[in-house]
Amino acid sequence: MNYVLLKSFEHMVDEIEEIINGDLDFTDTFQAIIDLELKQLKVFSPVFSENLMTQYSESPDFFDTDALLPQAKIYENIFEKGQKEEKISKEYTKEDFLFIINIFNSGMKGLSIERLLEKTELLSRFFLNGWK
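Number 21 in our numbering belongs to position 21 of the sequence shown; there are no gaps in the numbering.
Worth flagging that the hints you see were computed from the coordinates, not collected in a lab.
All C-beta atoms in this analysis are idealised placements derived from N, C-alpha and C, irrespective of residue type, glycine included.
Accuracy of the hints is not assured; some may be wrong.
To be verified - Computed beta-carbon distance windows for the label pairs:
(1) H11 with M108: 29 to 39 Å
(2) L116 with V13: 15 to 25 Å
(3) G22 with S124: 15 to 25 Å
(4) F126 with K84: 15 to 25 Å
(5) F44 with K90: 21 to 31 Å
(6) E114 with K84: 32 to 42 Å
(7) N129 with Y3: 37 to 47 Å
(8) S8 with S89: 29 to 39 Å
To be verified - Calculated cross-link-like contacts (lysine-lysine; reagent style DSSO-like; alpha-carbon spacing at most 27 Å):
(9) K109 with K7
(10) K94 with K109
(11) K42 with K73
(12) K119 with K73
(13) K81 with K94
(14) K109 with K84
(15) K39 with K119
(16) K109 with K119
(17) K73 with K94
(18) K109 with K42
(19) K119 with K42
(20) K90 with K39
(21) K39 with K81
(22) K94 with K84
(23) K81 with K119
(24) K109 with K39
(25) K73 with K39
(26) K109 with K73
(27) K7 with K73
(28) K87 with K119
(29) K73 with K87
(30) K73 with K84
(31) K39 with K87
(32) K39 with K7
(33) K94 with K119
Work out the full structure: start from the sequences and follow the hints.
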C-alpha cells in the first residue's frame, strides 16, 4: 500500500478507535465513523478518491495483512458495542456480522465514489436497522 495512504489509514484507525471507546451510543458511534470516513474522502481530491476506489476495487491485495488486522478489530468492536446495547440481536454471531460486512465491502467495490457518497444515508439506515 502507498505510504501516504497507509499513514492516513493508520490515523483514521486511531480516530475510529477513539470514537468506539467514547461515550456515544451504538447508533451515534456508527454515524460518527461514517462522518469521519466521508470527511477523510473529502480531504483528498476527487480524482485521488476515484483512483483510490478504483485501485481498491481492482486489486484484491490492495490492503495488506497489516492494514486488514486493525480493520477487523474495528468491526469486532462495533459488533460487541452493538450487541451490548441490544442494537444487534444476540441471534447474530460475530462471524455473521463479518460475513455481511464482507458482502457490503465487496459490493461497494463496483460503485463510483459519487454513487457511494450519494447513497451513504441509505446504506447507513439499512445497516443500522437490519440487525434488530
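Results of checking the hints against the structure:
no.	hint	in the structure
1	H11 with M108: 29 to 39 Å	violated, 22 Å
2	L116 with V13: 15 to 25 Å	holds, 20 Å
3	G22 with S124: 15 to 25 Å	holds, 18 Å
4	F126 with K84: 15 to 25 Å	holds, 22 Å
5	F44 with K90: 21 to 31 Å	violated, 39 Å
6	E114 with K84: 32 to 42 Å	holds, 36 Å
7	N129 with Y3: 37 to 47 Å	holds, 39 Å
8	S8 with S89: 29 to 39 Å	holds, 34 Å
9	K109 with K7	holds, 22 Å
10	K94 with K109	holds, 23 Å
11	K42 with K73	holds, 25 Å
12	K119 with K73	holds, 25 Å
13	K81 with K94	holds, 11 Å
14	K109 with K84	violated, 31 Å
15	K39 with K119	holds, 15 Å
16	K109 with K119	holds, 14 Å
17	K73 with K94	holds, 11 Å
18	K109 with K42	holds, 18 Å
19	K119 with K42	holds, 15 Å
20	K90 with K39	violated, 32 Å
21	K39 with K81	holds, 23 Å
22	K94 with K84	holds, 13 Å
23	K81 with K119	holds, 25 Å
24	K109 with K39	holds, 19 Å
25	K73 with K39	holds, 22 Å
26	K109 with K73	holds, 21 Å
27	K7 with K73	holds, 18 Å
28	K87 with K119	holds, 22 Å
29	K73 with K87	holds, 19 Å
30	K73 with K84	holds, 16 Å
31	K39 with K87	holds, 25 Å
32	K39 with K7	holds, 16 Å
33	K94 with K119	holds, 26 Å
The structure fails hints 1, 5, 14, 20 (numbered hints given earlier, in ascending order).
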